[in-house]
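Make the full structure from the sequences, and use the hints.
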Amino acid sequence: MSMATLSLLLIFGVVFDSASKYTGGAQGVYGIPQKTTMWLAFGVALLVIFVGQFFARSKTGLQLRASRSSVVAAKSLGVRIVRLRWIAWTLAGALVGLGGALWAGSAIAFTPEEFGLELTFSILAALVVGGLFSVTGTVVGVAVLTVAFEVTRRIEESSGLVGLSQIVVSIGILVLLYRRPRGLIPAAELPEALARLRPRRRVGS
Amino acid sequence: MSDTLAMEGVGKHYRGLAALADVSLSVAPGEVVGLIGPNGSGKTTLLGIASGVLKPSAGRVKVGATDATGAAAARFARLGVGRTFQQVRLFEGFTVTETVALGAIAKGLPVDERIDDQLRRFGLAGHRDRLGLELAYGLQRRVEIARAMAGRPRFLLLDEPAAGMNEAETEDLLGALRQVVSDSGCGVLIVDHDLHLILQICDRVHVLNDGVTLAEGDPEAVRRDPRVVDAYIGTFDQKGHH
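For the protein sequence lines, the chains are P and D, in the order given. First residue of the first sequence? That's 1 in this note's numbering, and the numbers climb one at a time after it. First residue of the second sequence? That's 1001 in this note's numbering, and the numbers climb one at a time after it.
Have a look at the derived ranges for each label pair, beta carbon to beta carbon:
(1) 1015(D) <-> 82(P): 25 to 33 Å
(2) 1108(D) <-> 1(P): 22 to 30 Å
(3) 182(P) <-> 1218(D): 50 to 58 Å
With a straight-line cut-off of 30 Å between C-alpha atoms, the simulated BS3-like cross-links for lysine-lysine are:
(4) 21(P) <-> 35(P)
(5) 1107(D) <-> 59(P)
(6) 1055(D) <-> 59(P)
(7) 1055(D) <-> 1107(D)
(8) 1107(D) <-> 1062(D)
Don't read these hints as lab results, they were simulated from the structure. Glycine is no exception: its CB is placed at the ideal position from the N, C-alpha and C atoms.
Structure, rendered in structure tokens:
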């Protein structure tokens, strides 16, 4: 499914580039009303985090997490893995589409090319840095990479060292993955992680 | 009988090499059948075929009146076949309660007090909030059985359920399994090297050797069968211990 998704990205990149009547082709789309404010983006981000957390804890999310851990065991319990992964894929696509709409509302103009491999790998890098196994990890990964890129980009601009931000952030990711291969937040969601820091409550009641 | 888990003339070949050939075995509701044999005799392969994890190269598998030959594992589960694995397969990041509840959720059953019943039955109530993979190996095996039972199977397939357990733990497990059979009425197929366990709990025993049936029948007759003693039991004393 991952390979098919990546292929879809490349295929639709070409399709949107060619459909210049609707997408503007290489010239892109411009004159978009600037409706996205920081607070709107923040509100939608909170909503998406809530949806992600809710989905991960839902019966569907629980079965998907199980199938990620052991496909054979999940199937042997009756989990319909393909069907559930389609649901997750569609939901993820819808949420990313929402993000795209917000982003478009903050840009004066954009071209189909901007939604290509560079953006995809930036998102994947954020997931890998934060941790692939939790919504909390995703949020942390995005925050860490955004701050890292912004700081190094400013140093790059003031020093004139072109490409500094990419080099520094790439090395940072490599070092981080060497030290923490499962990302900054390996598995637990923030509420569970905080709960484990508290004294263990009585069990077996 | 129509309400049995039945394998008829089942075979499994890997690139021309026969792992199983013409094996027929059935499990009726409320019956406990033991499957024994030396390493590499095809026991786990047969369990894989009986649960849809492996597809047979020959023969048929019926779950009740349904011919499930070649169906996917999830279909077998929904027809009422639950199983555990030789290598424990618990889910990463899942608590014991979540793991057992998933057995019900995956089959669209409600998560109700029956989950608590399974936890208590298998001595897991005191570990319910712990991560399954953090438990001792013997407890992990119990979690796997409780998870399978939460799906209310008609047939339960256990692959070496007592591995990693000491004698007292094995006795506890036997008690829990007997209770499971009497309460749920499900048929159980057990693969184990512990002949003591097999002889104690099973109504019938099926012996495999080199992928073919060597003997089958009631436990005592099988234990005295010279072919079985020669191929397998020779390494055990007369009480069935190592």
